[in-house]
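There are 4 protein chains.
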Amino acid sequence: MDIIVLRPDATEEALRHLVKKLESKGLRTNVSRGTERTIVGVIGDTSKVTEEEEDAIRVMTGVENVMRIIKPYKLASREFKSDNTIIEVRARAIGGKKIQVIAGPCSVENKTMLLSIAEEVKNAGATFIRGGAYKPRTSPYAFQGLGEEGLQYLVDAREKSGLPVVTELMDPRDLDVMLKYTDIIQIGARNMQNFRLLLEVGSVKKPVLLKRGLSCTVKEWLMSAEYIMSKGNHEVILCERGIRTFETATRNTLDLSAVPVLKNLTHLPVIVDPSHGVGKWDLVAPMAKAAVAAGADGLLIEVHSNPEEAMSDGEQSLKPHDFRRLMEELKPIAAAVGREI
Amino acid sequence: MDIIVLRPDATEEALRHLVKKLESKGLRTNVSRGTERTIVGVIGDTSKVTEEEEDAIRVMTGVENVMRIIKPYKLASREFKSDNTIIEVRARAIGGKKIQVIAGPCSVENKTMLLSIAEEVKNAGATFIRGGAYKPRTSPYAFQGLGEEGLQYLVDAREKSGLPVVTELMDPRDLDVMLKYTDIIQIGARNMQNFRLLLEVGSVKKPVLLKRGLSCTVKEWLMSAEYIMSKGNHEVILCERGIRTFETATRNTLDLSAVPVLKNLTHLPVIVDPSHGVGKWDLVAPMAKAAVAAGADGLLIEVHSNPEEAMSDGEQSLKPHDFRRLMEELKPIAAAVGREI
Amino acid sequence: MDIIVLRPDATEEALRHLVKKLESKGLRTNVSRGTERTIVGVIGDTSKVTEEEEDAIRVMTGVENVMRIIKPYKLASREFKSDNTIIEVRARAIGGKKIQVIAGPCSVENKTMLLSIAEEVKNAGATFIRGGAYKPRTSPYAFQGLGEEGLQYLVDAREKSGLPVVTELMDPRDLDVMLKYTDIIQIGARNMQNFRLLLEVGSVKKPVLLKRGLSCTVKEWLMSAEYIMSKGNHEVILCERGIRTFETATRNTLDLSAVPVLKNLTHLPVIVDPSHGVGKWDLVAPMAKAAVAAGADGLLIEVHSNPEEAMSDGEQSLKPHDFRRLMEELKPIAAAVGREI
Amino acid sequence: MDIIVLRPDATEEALRHLVKKLESKGLRTNVSRGTERTIVGVIGDTSKVTEEEEDAIRVMTGVENVMRIIKPYKLASREFKSDNTIIEVRARAIGGKKIQVIAGPCSVENKTMLLSIAEEVKNAGATFIRGGAYKPRTSPYAFQGLGEEGLQYLVDAREKSGLPVVTELMDPRDLDVMLKYTDIIQIGARNMQNFRLLLEVGSVKKPVLLKRGLSCTVKEWLMSAEYIMSKGNHEVILCERGIRTFETATRNTLDLSAVPVLKNLTHLPVIVDPSHGVGKWDLVAPMAKAAVAAGADGLLIEVHSNPEEAMSDGEQSLKPHDFRRLMEELKPIAAAVGREI
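Residue numbers (our numbering), protein chains in the order written: chain A, 60 to 400; chain B, 60 to 400; chain C, 60 to 400; chain D, 60 to 400.
Any given hint might turn out to be false.
Note: identical chains are not told apart, hence a pair may lie in one copy or across any two.
BS3-like cross-link-like pairs, simulated, lysine-lysine; straight-line CA separation at most 30 Å [unchecked claim]:
1) K194 with K265
2) K157 with K339
3) K181 with K278
4) K278 with K84
5) K378 with K84
6) K170 with K133
What the hints contain is simulated information worked out from the structure, not anything from laboratory work.
Kindly generate the complete structure, drawing on both the sequences and the hints.
Quick look at the structure:
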């Protein structure tokens, strides 16, 4: 809270009362009387003023509006740390010159499939393997993931391919198990404001990939990063994955402008997941290119060796082949923006 | 999945292949050849077809679109249970003729304040006391709630006022403690798709008040109710509390049309929280009236005895008085729609 | 523009430069140096500062943000005129104690049908007849309205039923013709920011019913009212008809909180169109009741005597009957909020 | 209308009645009885079924839902014309290998400024000059444009620089004047569904640049293109310029996924306006790069020689310099996607 606007009908007494309250909090004020409104500038460490106190001022007699000038997050802000944060994971630097590519299936379905995909994406240039062992599904009747068995397969894939592992944590009770397996903990879009989970992953020494919530603003997203950082874990990777809008031609609307917006506001690495943002392979490739051109530090791309498999036993799939071509096509774009891939 | 639309260029072979797949799943098909598209109707128990299988069909050669006719939720649907579910909580019937009013402060701040509010709202006609002991806050630096101490104060308030307790659960690890205190477990908007938490509260014998997520569709909301019900707990109360839109004049946009929409789709009780939906007292009263007129089974309203208290030591507040007046004003509206309050 | 926030790194020279610019515009300044930001309060008639000038300040060296405190509309504001505007149309007062009900078909299809509906809605208690002669259709291949012939039928309906006419204007070139027939000119949602059309209807002596644009904020809506009023026509009726959100269970999301929000901000009458907001009859009735409970000054409801007619020659329809029942059901709700219907 | 889903409780008589209606329209049916729903496939030229008729079927007894399989636009669809439309304007091909860049100020303010900008953007590689002579402004008190005088300056700029002119039409009454000056007629976002204006520009021989409405879906956008094309003018350029969402860090959310989505659905050229989409220069450059990487056929970029000028008489501006640098930076990205700039 930094600026308080008074109502046109605010009395002198209401103003005095307000000023007294602020001074009782150790703050100073600067009253500016305009022709239509009187404005009170609040001077001092207003970051100590809590949301509750701000709300309390908002309902005081004579107050029309309270406006915060100072950002509500600190550790995540570019002002707190001006140089980019680079997160090292098994000799891969996220946030550095090289664009990191996290690839793999949506869910870990079985070991053979996962090892095969890991090998293929590694050969195509991916630098991390992903796959869900705990799956957030909108339906209770859908496959919920293999659990710890899936985590073990991811480690098998890492041992064979050399790719570090990214996988999602949904429940604080799974954290200890997960720490034994994964290299990066993913927090999914639906858990971006699961504050208890954020506090838990803030208390461990393991990088966190924080996906943007479906209807969360950039500011709220950075507040969720701040939650993690406030507990001591400063290794947070932000992942744009599409927001919810009225458009139905795509599953979500991938907000690529979030990339340069975040690059201004925060020092944390920013990656983009075009797969969840759009939903179809033929849209993923152009959006992956656009993400790199917009300045993303990395990509998260779903690769299935056999998208038809759930109902079949051998349909051929071009997906790994498409991924390989995409990786080739991304190279000149990365170079054009001073990056490598 | 019930209708599969083929692309205009789909071959006969692709069609045969698709039909064979479906038949291998125990389903029958009805092929309808139009002038511009061929459509495959799928006959049989398509509710067994998982999302994964549906997605797999979607990527098959020749397939343009897959459309589900059957609703993805079952236990929550009006078709499954045609008469309204009435949930009894300490002799109060939620979903019956009487409109239930849950009132109380946002957070439990201290015992004296809570007992005082409980007394006041009870006298005004509220039928439940609410207050947060575990608070989901966007900032890690804000007050996070009193925890179990707050739960104890809620029980103290219940003992004194006779009002049953509604309070929010954020973390599955707090469930056992919470069960000892609360009468209704609230799942907040930000946890509407915290699926692990849903499964946990689905496994206990305690009614669940499920708030709508900020960007969740009615269908997703019912799927989250289905999560809870699928574990055996059929006592779910749906609570509309505003969705996120571009409008900035209100904190959220209260979607009152969700009330009659839900009344068509589900047998579960539907209540409305105008406080979070709009954010200011002077908007809460008209929206509470509108909610009753729209057919809501209940209201959840924040009442503070002293909104300025956080920064002051005794500002007077008209809030309980406003609440009392609102309760009076709601009576003829409830009567007009055949209800009581 | 009233408050200018400087960047943390803004120099004293940048500040001097900014102050000099503002003074050259006849404005005075009040500089408030906080610990983290310096804030410049701008004093004087800032309503003369145009958007261009505001944007120009925003890009000046050292400026972080420019915030307007004063509302950008004036004639439409409650501060300009504190008492409610009541618009008289053929002895009906819109904005007074009596809730006005505008009813009729979406399009004027033929004379017989229109006269029949007019009679029926009049008998049920409607106070205005509506019907589109010029239809905004998303498809160029859909029926575009009967044009002037339709306007004539509306006048026929008025002569027979006594109900004044509301109909939509889409093109400034139709204004002269329309003035001969209609009592209230409707500006549709898709033309809410057709600024040329707004200026035209601002220049005539005829009340204007201004629908809210599908993605327009309350502020923009009032700016569009201001457009009309700035040309001299102060008889503007605001009509909420649903905004666009991600929800697909309803055609739009009817934003009933706009009613009390507008009642605070403006003196103009506010009516609600639940028909376009939700799209189905069974949802229209509860939302009409909710609108009245929320404080709306009127309703706009589509009534068809024969909704199946386009493909048939005599299906019976209960719609006028449903309307009659709704009008009855609205009476106690209107009474409950101190109104008549 | 192509598929009609019956309610679970639909009677045989209702089905017979429905089939008879459809047959009376010259359509055939294919009834598919599933275990939970009966589905009626409609065979024949359903494109002749109007929206009204579709709505009429929707309200028939026993009908639960009507689903269109066939796209509601035809001339704009990729199915109607499989190869890309290339629009030639004074020897520039929009939609071809070369990415066209339309640059210039938001408004035409004066001749000297415009000629200077035209020269600068031309030297930097722009291929069209833009500038508003008629300005859609949210406030009636803001500068509304120079009108025909501004159009003359644009022609002066074309004569001096050789760059063809793009400028916005807001009112059908200005069309004749505009045709004398401009090379491409722009229809702004707020007029995307000003159907009368669309019909007018559909009747002339001049390419139309159709901006996407702030809350319009891709389907509605293509329907608006269809409006223009239905009158004979097939030279329509689609311009993505951001949609409205809850995010406030940017003015709008630039939906770059619309580029590949449109490339699938339509043969029309697609360009991107990052300036309106994001609002700040430092975000425009990365989004312009992203747009090219996503496959856009062109860019529309605002260039001001002196952004502070409205309040000053000589502030230096780096904008044309920034534009020049951006044009250089775009070259390797264009090359990476097989294009030139």
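query = At most 30 Å between C-alpha atoms: does K194 with K265 qualify within a copy, between copies, both, or neither?
reply = So K194 and K265 pass the 30 Å test inside a copy (20 Å) and across (26 Å) alike.
key: Homo-oligomer pair classification [K84, K378; C-alpha up to 30 Å]   = between (61 Å within a copy, 25 Å between copies)
query = From the Cα coordinates, with 30 Å as the cut-off, is the pair K181 and K278 best called within, between, both, or neither?
reply = neither (35 Å within a copy, 39 Å between copies)
key: Within, between, both or neither, where K278 and K84 count as close if Cα-Cα is 30 Å or less   = The answer is within: 26 Å in one copy meets 30 Å, while 35 Å across copies does not.
task = Classify it for me, K157 with K339: is the Cα-Cα distance of at most 30 Å met within a copy, between copies, both or neither?
result = both (26 Å within a copy, 27 Å between copies)
query = Is the C-alpha distance from K170 to K133 at most 30 Å within one copy, between copies, in both cases, or in neither?
reply = neither (43 Å within a copy, 33 Å between copies)
Consistency with the previously given hints fails for numbers 3 and 6, ordered from lowest to highest.
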